[in-house]
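Asks: For the record, the sequence lines run as chains A and B. Quick note: the first sequence, position 125, residue 125 per our numbering, numbers continuous. Quick note: the second sequence, position 194, residue 194 per our numbering, numbers continuous.
Hint data in this document are derived by calculation from the structure and do not stem from the laboratory. Take the hints with a grain of salt, since some may be wrong.
To be verified - Anything over 10 Å on all C-beta distances counts as not near chain B; from chain A, calculated:
no. : residue
1   : 36
2   : 45
3   : 94
4   : 183
5   : 186
6   : 193
Said to hold, decoys possible - Keeping only pairs whose Cα atoms sit at most 25 Å apart, straight-line, the calculated DMTMM-like set for lysine to aspartate or glutamate is:
no. : chain 1 : residue 1 : chain 2 : residue 2
7   : B       : 14        : A       : 204
8   : B       : 147       : A       : 201
9   : B       : 83        : B       : 3
Beta carbons are placed, not taken as given, at the ideal position from N, Cα and C, and that holds for glycine.
Residues per chain, in single letters:
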Amino acid sequence: MSAIQEPFAEGASAAHRLDPRAKVVVAALFAALLAVAQTYAVVLAGLALALIWLVLARLPLKKVVARLLVVNSFIFFLWLVLPLTYPGQVVWRLGPLAATREGLVYTGLITLKSNAIIIALIALIATIPVITLGQALQTLRLPDKLCHLLLFTYRYLHVFEQEFQRLVQAMKIRGFKPGTNLHTYRSYAYLAAMLLVHSYDRADRVFQAMLCRGFRGTFYSLRTFSWRRQDGFFLALSLPALVALAYLEWGFPAFLRG
Amino acid sequence: MTEPLIELQNITFKYPGAAAPVFQDFNFQFREGQQVGLTGPNGAGKTTLLHLIMGLVKPQAGKIMIFGQEVSKEKDFVNVRQKVGLLFQNPDDQLFCPTVLEDVAFGPLNQGKAPAEAIRIAQETMEKLGLTGFEDRVTYKLSGGEKKLVSLATVLAMQPQLLLLDEPTTGLDTDTKHRLVHLLQDLNLSYMIVSHEDAFLHHTVGECCHVHEHCCVPGPGHQQEN
Numbered sequence: 001m002s003a004i005q006e007p008f009a010e011g012a013s014a015a016h017r018l019d020p021r022a023k024v025v026v027a028a029l030f031a032a033l034l035a036v037a038q039t040y041a042v043v044l045a046g047l048a049l050a051l052i053w054l055v056l057a058r059l060p061l062k063k064v065v066a067r068l069l070v071v072n073s074f075i076f077f078l079w080l081v082l083p084l085t086y087p088g089q090v091v092w093r094l095g096p097l098a099a100t101r102e103g104l105v106y107t108g109l110i111t112l113k114s115n116a117i118i119i120a121l122i123a124l125i126a127t128i129p130v131i132t133l134g135q136a137l138q139t140l141r142l143p144d145k146l147c148h149l150l151l152f153t154y155r156y157l158h159v160f161e162q163e164f165q166r167l168v169q170a171m172k173i174r175g176f177k178p179g180t181n182l183h184t185y186r187s188y189a190y191l192a193a194m195l196l197v198h199s200y201d202r203a204d205r206v207f208q209a210m211l212c213r214g215f216r217g218t219f220y221s222l223r224t225f226s227w228r229r230q231d232g233f234f235l236a237l238s239l240p241a242l243v244a245l246a247y248l249e250w251g252f253p254a255f256l257r258g
Numbered sequence: 001m002t003e004p005l006i007e008l009q010n011i012t013f014k015y016p017g018a019a020a021p022v023f024q025d026f027n028f029q030f031r032e033g034q035q036v037g038l039t040g041p042n043g044a045g046k047t048t049l050l051h052l053i054m055g056l057v058k059p060q061a062g063k064i065m066i067f068g069q070e071v072s073k074e075k076d077f078v079n080v081r082q083k084v085g086l087l088f089q090n091p092d093d094q095l096f097c098p099t100v101l102e103d104v105a106f107g108p109l110n111q112g113k114a115p116a117e118a119i120r121i122a123q124e125t126m127e128k129l130g131l132t133g134f135e136d137r138v139t140y141k142l143s144g145g146e147k148k149l150v151s152l153a154t155v156l157a158m159q160p161q162l163l164l165l166d167e168p169t170t171g172l173d174t175d176t177k178h179r180l181v182h183l184l185q186d187l188n189l190s191y192m193i194v195s196h197e198d199a200f201l202h203h204t205v206g207e208c209c210h211v212h213e214h215c216c217v218p219g220p221g222h223q224q225e226n
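Construct the entire structure; sequences and hints are all you get.
Replies: And the structure:
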């Protein structure tokens, strides 16, 4: 019944077994690089690199495609708007609407970029269970508060979802049928408010329970990450590929030019 | 006469926004080796009493002595919590780690134990509670009874000198209740149990106290010690 699932986290592929820290670093660099890239060559090469990672992760293709469809359904709206509003050379006209060449090129670039980044994240990040991800981020020296926020959000999403279901059931068994009327709106507002109050109270009690068990602001992890040879290989191959992408985009930085 | 383990003197406590105080000039004593059931109607302050002892709520007036020392500041209670274990009413409040093993090891790790040592303690505690094999189970997917037992394990793993149990039997079936009774009998610890179940208290505590605004009086189910 739970809405929060991690369909890609389980697995024994090469990508699953890599050290999460290595994957986080590479995925972050890759996403940042592609987000700022402006040329098709770089974006296409990035897409190819992401696809290689995806192959390494050996994920169920159907589920990957389903997830990409979700992302691309948002991008679809860009195709409706961007080519028609971007200034440039008009290539196609329909009544008062005109699509520009620059607009189409730009939208295509965004589409490829987004897909490359999503594929890379599916292959490298979605293959880490959220809990491990939190701990990996912590060992990478990200602020503790952010890591805890991630871990707690994940842990208590389930509880909030159950609380929500309970409240909805309580409404249903008393004959609540949503309609377009003030009663419905008011009931939904109560539901939302109640969920907020419950959540706040629960957060309070959880914190108290933690204090009772000697919590003083630091989490100690039972998990220790071990760096293996594969992780070295992965970094040794991925980082130069990222550097090559950067070179393709910007050329040598000025201070390296002879 | 031994010094009381816990002593509350002239405590006044009122929840913010509440019309009447829960406790007014409240006095209470608890001695080493006692096993006490706390009874009383809803809202009498049973849970509040436990929370006052743990320092989760602070009284507006009065003095709390624990292990012979006055405790008032957060820092004092940090020490108290190392020695006194509180089992919450709702296990969903207590379990927050992804897996059972991590949750049970959370307390020992906070006590400064090394991970290997914490894991050993956690596994021993779980074995005692019949939870062997639960290490990698996901806490939010446990059944109600399992959650309750795991919560108890998280408290016992800290090797407390005194146990405070807030309605430990709610939601438990008869078999699990029996298990809990045997566990508590075998523990040989001082404890206080808040419960509305006379039968359960009958098997687990030596005496019952009825919580009132001013004090705890020997309540129904009370048995004379020795």
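Asks: Would you mind marking each hint as holding or not holding in the structure?
Replies: Here's how the hints hold up against the structure:
| no. | hint | in the structure |
| --- | --- | --- |
| 1 | 36 | holds (35 Å) |
| 2 | 45 | holds (38 Å) |
| 3 | 94 | holds (53 Å) |
| 4 | 183 | holds (29 Å) |
| 5 | 186 | holds (25 Å) |
| 6 | 193 | holds (17 Å) |
| 7 | B/14 to A/204 | holds (18 Å) |
| 8 | B/147 to A/201 | holds (20 Å) |
| 9 | B/83 to B/3 | holds (17 Å) |
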